[in-house]
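Use the sequences and the hints to build the structure in full.
The listed protein sequences correspond, in order, to chains A and B. Heads up: the first sequence at position 27 corresponds to 27 in our numbering, and the numbers run straight through without jumps. Heads up: take any position in the second sequence, counting from 1, add 155, and you land on our numbering.
By construction, these hints were calculated from the structure, which means they are not laboratory data. Even glycine gets a Cβ: it sits at the ideal position worked out from N, Cα and C. No false leads were mixed into what you were given.
Straight-line Cα separation of at most 20 Å, EDC-like style, residue types lysine to aspartate or glutamate; simulated pairs: (1) A/K113 to B/E275; (2) A/K113 to B/E280; (3) B/K334 to A/D105; (4) A/K113 to B/E282; (5) B/K237 to B/D224; (6) B/K334 to A/E114.
Residues of chain A placed beyond 12 Å of chain B at every Cβ, according to the derived structure: (7) P39; (8) S43; (9) N72; (10) S125; (11) T129.
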Amino acid sequence: MKSFRTNFLAVVFIVTILKVVSCTPESCLEETVAEMKIPFYLSSTQKNIAPDSLTIYGIHNESNKLYNSTKNANRADLPLNPSAESCSFVIRINGVSDTILLTYDSYAHFISKECGYTYYHTIDSLAFTKNMIDTIIIKNRFVTTVNEENFRILY
Amino acid sequence: MLLSAGSFIVRAQTEPPDTVEIPLKIRIGAEVTGPVIYLTDNNNLNAEGFISADLNERWGVFLGAGYSDFRYSQYNYEYLSKGLFLKAGVDINFLRPEKAMGKYWAGIGLRYGLSSFTYEVPVFEFENYWGTITSSIPSSDYLGHYLEASPGFKAEMFRNFSMGWSVNIRRLIYTGAGKDLRPIYFPGYGSGGETISYGISYYLMWNIPYKKINVLVKKEEPEETEETGESEIR
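Pasting the structure below:
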């Protein structure tokens, strides 16, 4: 009887400690922003080759450049605007500018208790100018935090 | 004749009986760790009770129900969920009848759980290249399913009053909310972000004996010893 009472108090104590520990916020170590993963391919050789210079920024957000004369970037990661249904980017490859326009749907996605919520997107359409870009191949319309290729830019 | 009668009396007094009388019981119990935790953290309330009935000395049926109210917040979101859950299944007692005697139970409970709950995210904040967005996910109803295995112990402390504890291992079947909006917590199961969840329960129980059965006791076979020629000589 006595041992059972001791047992009872011990279990309640352990459970309380476990509960308090489990409620202590932990760090968010996961990727929290879904971005389009766009590798660059040279159309003549079909090889994944970085442009000599790459500049990318969003239209209406010109002052904040995602890539600014960056060298050795054989892939661009571009975030979409969840509060809009479309957005455009200027992509300047080796000094020649193109514009791409994307329309998409955005939806909330739960990452984890530590990280909270993010937005995922489904691409509806893509349009682009062809000054330096030769073509864009759509590989995967679903833009998530998973490291998967979405488009392939051939220049 | 007297000698043989005497030996019969001695045998009857020393040998264990072939059967034991086991009282079958209906148990009505309440889980106590939920309310105890609520005293230290009033963001989370979990109240749970059950009724179970012995079918025989080994098997019993179990029906449990509970209510949960869970709140969580951190720097970039708030989360609220509340709802009811039901659990149904069987209890299996691994103790031998002559040890258990209807008072002690050491075994495992196997259950199916159904949780009907609502959850909402009143506010969450998202930040990327395009700026910071503050948004919310409105309250919706969901129906989650899970399986539970609960090994544990119970002991009758006073006449018709028992205490017991169990470790609960739960396997998620479906949260009811799809893969994008999995609930952080859903009643009865726990963390909806995990496919396996764990918990500990401590129960206080009231027992109502409703029937007595006689159960055959399996006698232990005496250990066989090899007798050697040497020992026979001695």
